[in-house]
Amino acid sequence: MATFPFAALVGQDDMKRALTAVAIDPTIGGVLIFGDRGTGKSTAVRALAASLPTMAAFEGCRYRCDPANPTEAGACPDKERAGKKTKIPVPVVDLPLGVTEDRVVGALDLERALATGEKLFEPGLLARAHRGFLYIDEVNLLEDHIVDILLDVAASGINVVEREGLSVRHPARFVIVGSGNPEEGELRPQLLDRFGLAVEVKTPADIPTRVEIIKRRDAFERDPEGFFETYRKAGERHRRRILAARRLLPEVETSDEILGLVAAIGMALGTDGARGELTMMRASRTFAAYDGRKTVTDADVRGAAPFALTHRLRRDPLDETGSAARVDRALKSVFEADADAA
Amino acid sequence: MPTPPETTLSAQEATALCLTLAHAAPETFGGILLRGPLCPERTRLLARLEGSRRLPLGVETDRLVGGLDLTATLESGRPTMMAGLLSGNEPFIIVPSAERLSPETVGILSRFLDGQANSPDGTRLQARPLILLDEGEADDPRVDPRLAERVAFILPSNAPDEPLVRLAEDWRSVDLPDAIAADLAAAAVALGVSSMRTTLQVVAAAKAIAALRGTSVVTQEDATRAALLVLAPRATRLPSEDPAVDPAPQTPEETDDKPEGEPGGDGPAADRVVDAVVASIDPDVLSGLQTASLARANAGRAGQIVKGGRGRPTGVRQGIPGRAGRLALVETLTAAAPWRRLRAPAEASRIPVRRDDLRIRRTRSKGATLTIFCVDASGSQAFARMAEAKGAVERVLAKAYVRRDEVALVAFRKESAEVLLPPTPSLTRAKRALAALPAGGGTPLAAGLIAGLRLAIGAAREGLEPTLLVLTDGRANVPLSGVGRAQATEDALAAARTIRRNAIGAVLIDTGTRPGAAAATLAQEMGARYVPLRIADAAAIEAAVARPSAAPSSVRTTASPVA
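Chains A and B supply the protein sequences, listed in that same order. Using the numbering used here, read the first sequence as starting at 1 and increasing by one per residue. Using the numbering used here, read the second sequence as starting at 343 and increasing by one per residue.
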C-alpha cells in the first residue's frame, strides 16, 4: 500500500517539527514520541522517510555505506558489492519487541554455512537502519539486553560483532524513533537520555480536527494515487526546505546572547549534564535553517527547549507538576528576566 | 423534536456484518474480539469459519512468521525454512486465550494487521482478520489494548452463527457526506471513544454497510448501524455525564456549508446516532460504564504482567545455563547446526556444540517484587490519618520506582474491598489511584486482607515476590457476611492467619491515633512486621518493607511485632 503523505498529516505539529529537525540534523539523536495510541506515530515516521530524497549507495551493499564517505565506503565489510552506484530510499526499520540479539546485530548466514560451509556474516537490523530510521514501538517494553546494544551502537555509530570467529565492524548511524506510553512502564534513564528530542502526542479532542482526519483518510483510501497527487506540491516543498536547511545548517550562527539564553534555561531547570543544552542548541539551529535564516532567534530556542528538555528533567517521582509544565515555567522566568534586562 | 424510527441491530445482523467486514477488509477492521466463556454458540460460530487457522497456545515468534526448521535442516543438511502460521491464506486466524498473549506476540499480530509484518525472507505478510477469543472473567487481565484497539468489532461469545455475505470490492468508493463524517466523529467523542483508529473504523463500517445495501452514498441510517456495531461495545460514558463534550454544541462548522436538507449533520442528527447506541446498551452495562473505562485503562499493564508469566519464558538469548536461565535445547542446536561442517567435517552425523552456541531460556527476572498496598479507607481512618497514610505510601512508591518494582493498590471501606490498581510498574498510575482514593464508611478489614492476599498469590504464581503492606488501625467492624459487628474481628483474624499460612511477606502499619492492641494482634496473626505510624517515619516504613516478616522460604516463622 502507498505511504500516506507527510504533508497530509493533520495536526500533531510537535511531532512533525521534531521529526523534521532530526531529518535536517541526525546528530541531534532520536525522537521519543509518547502518548495515546492510534495517533499516527508510525505513519508519521514512514511518511517522513518516504518524503526525504533518495540516498546514494553502492549496488548490492548490504550495509548501505555512503559513497561520499571514503572511510566508511573503504572499510565496508561487504566484499560482494559491485562498484556501481545506485539510489536507495531512506530506510525505516522496525525493531519489534522480543527480537533476538542475533537479529539486531547480525549473525552467521545460516544458508551459506549449511549449504557451502562458508562463514559469512548476515547483517542485522542495525545495518539495515544505517542512514535511516530505527522505529521502536513500545520502546518502554524493550528487553534490557537489547536496550544495552542500542545504547552502545547509538553512542559509537559502529556495530562491532565479535563472536564465533566472525569479526565484523560496520557503520550503524540511525535515528531512533521510539514510541510508547509511559503509563505502561518507565523508560530507563540512560535510554531516555539517548533520545535527543521528546514530544507528546494526544488524540485530537476537537471534532473539526477529527472530521478532517476522517476525510483525509477516506480520500486516501479511495484513491491513494490521486491523494498523493493532491499533496505532491506540499510534499516537495517540505523536501526542498529540508534539503536547503541541511545545506544552510553549517552557516547558521548562534550569538553569545543565544548561548547565554540556552545556558540560563538549562540552569533554571537544573538539567543533568550538557546534553540537554547541546540538543536544545542543535534543534534551535535546525529551526532557523528550516526557515532559511542564518541566525538563531529567541523564538527558535523557546520552541526547541521543550523538545530537548522535557524528558531530561531530574525526576521527582512525587512532584505532581508535569515535566512539560516545569519547562514552561522555567522558560517564562528566563525570558521575563531577559526582557527585564533588555 | 419528531422521533425518527429507531434504528436497531439484531444480534444476527451484527454477527453477519462483523464477519463480512472483517473478512473483506482486515487491514481496516482487524477482526473480531469474541468475549465471554466457552459456550455451544461459540463453538458453532467457529465451526462456521471452517478452514480457519487456529494459533496454538503460547505460540513463539518463529512459528508465527516462519523460521528455520531444525529437524528438516539437520536431516537434509541444508537450510530448510518453515512457513509461519501467519503466511497462509486461511480466511480467519483464531487466537485462543487472547488475553494471555505475550507482548512479543501482541506486537507481531499488531504489525501483521497493519500490513507491516515480514517473514524472515523479507516478504510482506498479507493482513488477515483475527478472531480473538477472550475468556477472561471480569477481574482477569484483558486483551492487550494494542491488539484490542486494532480489531473493530466486539461480540459476545454467544453471538449467533450467521453466514458471511459478499461485500463489493469497490465499497471504499461509496461517498461519505461531510455531515455523516461529522456525526460519527461527534458520536464517538460523546460516547467516550477517544481512539482515532476506532473512529476511522466506524466510518469505514458505515461505508461498507451502505455498499452492502447497494447504494453509493452513506446515509444516517448506515452511520447509526455502524455506530451500533463499532461504538456501542466500546462506549465508556454516556453523553449526559459530561455536557462539555455533548456533541450538539460542538458539531463543527463544516456542517454549515453543506446544502440544507441533507440527512444528518446537525446536532440532533448526531444525537440520534448517540441515542440509538445508548438505547442498545444493556442497562446493567450502563451502570458499569465508569468501571469499564477504568478496567480498559488498566488493561495494558495487566496484560504486561502476563509477560511470559505462568512460568512461560520471556525470550531466548545467548548465555551459559545456570543462574541466568535454563538451557534452550532447540535454540542451542539451531545455533550449532550451521557450523557442523566447519567444525567437524569428518563427523557428519554429529553436531559439535560449543560454548558460544549455548542458548538459555529466560524466565521472568528473579527478584522482581510486587508491593501490594492494602489501605484502610474507612471513616475512622479517613479523618484521622489518611493524609499521613498516603504520604507513607508515596514514600514507598518512590522507593519502588527506583528499584523498578511493581505496585498494586487495594482499598477497603464501607462493605467491601476493591482493587484500585492492579499490579503496575507505573508510578504515575499508582499516584493517581492513591490521590483519588475515596474514604469513609465502615471497616471491612477481612475483605481487604483477602483482596490483598488474592493479588499476592496471583503474583507469586507469576514469579513475582509479593509483599503485603497493610495500613489500618486494626479495628474491623464489617465482617465478610456484611452484618454482625462481632464477627468482623473474627473474620479479620482468620484472614490474617490465611496470609501467614500462605507465607506472604507482610508489614502492618498501625495508622490508629492511639496505636494499640487490635492492630498488634492482627500483625501477630498475620506474621507481619508491626510498625505504628506514630513513630514510623518514612524511613522506618521503607526499612520494614525491605524486610517483611515472612520470607516465602521461611514459612512458619512467628514474627514478633516490633513495637
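One should not assume that every hint holds.
[To be verified] In the DMTMM-like style, the derived pairs of lysine to aspartate or glutamate whose C-alpha atoms are separated by at most 25 Å in a straight line are: (1) A:K119 - B:D404; (2) A:K85 - A:D102; (3) A:K202 - B:D404; (4) A:K332 - A:E229; (5) A:K119 - B:D698; (6) A:K215 - B:E369; (7) A:K119 - B:E673; (8) A:K202 - A:E59; (9) A:K215 - B:D699; (10) A:K202 - B:D411; (11) A:K215 - B:D698; (12) A:K87 - B:D463; (13) A:K215 - B:E511; (14) A:K215 - A:D193; (15) A:K294 - A:E251; (16) A:K16 - B:E673; (17) A:K16 - B:D517; (18) A:K16 - A:E162; (19) A:K233 - A:E59; (20) A:K215 - B:D404; (21) A:K202 - B:E355; (22) A:K16 - A:D340; (23) A:K215 - B:E392; (24) A:K332 - A:E251; (25) A:K215 - A:D14; (26) A:K332 - A:E72; (27) A:K215 - B:D463; (28) A:K119 - B:D520; (29) A:K16 - A:D218; (30) A:K119 - B:E804; (31) A:K202 - B:E563; (32) A:K215 - B:D411; (33) A:K119 - B:D411.
[Unchecked claim] The calculated label-pair distances, taken between Cβ atoms and stated as ranges, are: (34) A:D36 - B:E355: 27 to 33 Å; (35) B:V507 - A:T3: 29 to 35 Å; (36) B:L669 - A:A155: 39 to 45 Å.
[Claimed, not checked] Computed far set for chain A versus chain B, every beta-carbon distance over 10 Å: (37) K16; (38) A57; (39) K85; (40) P96.
Think of the hints as simulated: they come from the structure by calculation, not from any bench. Backbone N, C-alpha and C fix where the C-beta goes; we use that ideal spot for every residue, glycine too.
Verification of the supplied hints:
For the given pair, A:K119 sits about 23 Å from B:D404 by alpha-carbon distance, which is consistent with the 25 Å threshold. Straight-line distance between C-alpha atoms of A:K85 and A:D102 comes to about 29 Å, which puts the hinted pair past the 25 Å bound. Note on A:K202 and B:D404: the hinted pairing is violated, with a Cα-Cα distance of about 35 Å set against a maximum of 25 Å. Among the hinted pairs, A:K332 with A:E229 is inconsistent with the structure: their alpha-carbon atoms are about 43 Å apart, more than 25 Å.
Pair hint A:K119 plus B:D698 holds up; C-alpha atoms about 15 Å apart against a cutoff of 25 Å. At roughly 18 Å between alpha-carbon atoms, A:K215 and B:E369 fall within 25 Å of each other, so this suggested pair holds. The straight-line distance between the Cα atoms of A:K119 and B:E673 is roughly 19 Å, inside the 25 Å bound, and the hint therefore holds. Note on A:K202 and A:E59: the hinted pairing is violated, with a Cα-Cα distance of about 41 Å set against a maximum of 25 Å.
Between A:K215 and B:D699 the alpha-carbon distance is near 54 Å, which puts this suggested pair outside the 25 Å criterion. Between the alpha carbons of A:K202 and B:D411 the distance comes to roughly 44 Å, so the proposed pair goes past 25 Å and is violated. In summary, the hint linking A:K215 to B:D698 is not supported, as the alpha carbons are separated by about 55 Å, beyond the 25 Å threshold. Distance hint between A:K87 and B:D463 is fulfilled; the C-alpha atoms sit about 22 Å from each other, no more than 25 Å.
A threshold of 25 Å between alpha carbons decides the hint, and for A:K215 with B:E511 the separation of about 20 Å falls inside it, so the pair holds. Only pairs whose Cα atoms come within 25 Å are accepted, and A:K215 paired with A:D193 is rejected, the gap being roughly 38 Å. For the proposed pair A:K294 and A:E251, the alpha carbon gap of about 6 Å is at most 25 Å, so the pair holds. Restraint check: the Cα-Cα separation between A:K16 and B:E673 comes to about 42 Å, which exceeds 25 Å; the hinted pair is violated.
Distance check on the hinted pair: A:K16 and B:D517 sit about 30 Å apart at the alpha-carbon level, beyond 25 Å; violated. Proximity of A:K16 to A:E162 is assessed by CA-CA distance (about 39 Å); at most 25 Å being required, the pair is judged violated. Distance check on the hinted pair: A:K233 and A:E59 sit about 30 Å apart at the alpha-carbon level, beyond 25 Å; violated. Distance hint between A:K215 and B:D404 is unfulfilled; the C-alpha atoms sit about 39 Å from each other, more than 25 Å.
Between A:K202 and B:E355 the alpha-carbon distance is near 35 Å, which puts this suggested pair outside the 25 Å criterion. A threshold of 25 Å between alpha carbons decides the hint, and for A:K16 with A:D340 the separation of about 33 Å lies outside it, so the pair is violated. Between A:K215 and B:E392 the alpha-carbon distance is near 37 Å, which puts this suggested pair outside the 25 Å criterion. Between A:K332 and A:E251 the CA atoms are separated by roughly 29 Å; this puts the pair beyond 25 Å, and the hint is violated.
For the given pair, A:K215 sits about 22 Å from A:D14 by alpha-carbon distance, which is consistent with the 25 Å threshold. Proposed proximity of A:K332 and A:E72 is contradicted: the alpha carbons are some 45 Å apart, above 25 Å. Pair hint A:K215 plus B:D463 does not hold up; C-alpha atoms about 37 Å apart against a cutoff of 25 Å. Taking the CA atoms of A:K119 and B:D520, the gap is near 61 Å; set against the 25 Å cutoff, the hint is violated.
Of the pairs offered as hints, the one joining A:K16 and A:D218 holds, with about 22 Å between alpha carbons and a cut-off of 25 Å not exceeded. Proposed proximity of A:K119 and B:E804 is contradicted: the alpha carbons are some 42 Å apart, above 25 Å. Proximity of A:K202 to B:E563 is assessed by CA-CA distance (about 31 Å); at most 25 Å being required, the pair is judged violated. Proposed proximity of A:K215 and B:D411 is contradicted: the alpha carbons are some 46 Å apart, above 25 Å.
Restraint check for A:K119 and B:D411: the C-alpha separation of about 20 Å stays at or below 25 Å, so the hint holds. A C-beta distance of roughly 32 Å is found between A:D36 and B:E355, which places it inside the suggested range of 27 to 33 Å. Under the hint 29 to 35 Å, the C-beta atoms of B:V507 and A:T3, about 32 Å apart, fit the expected range. At roughly 33 Å, the beta carbons of B:L669 and A:A155 sit outside the given window of 39 to 45 Å.
Look at A:K16: its CB is around 16 Å from the nearest CB on chain B, clear of 10 Å, so calling it non-interface holds up. Listed as a non-interface residue, A:A57 keeps its Cβ farther than 10 Å from every Cβ of chain B; the least gap is roughly 17 Å. Every CB of chain B is more than 10 Å from the CB of A:K85 (nearest about 23 Å), matching its label as outside the interface. Chain B draws A:P96 into its interface by the beta-carbon criterion, the shortest separation being 5 Å against a cut-off of 10 Å.
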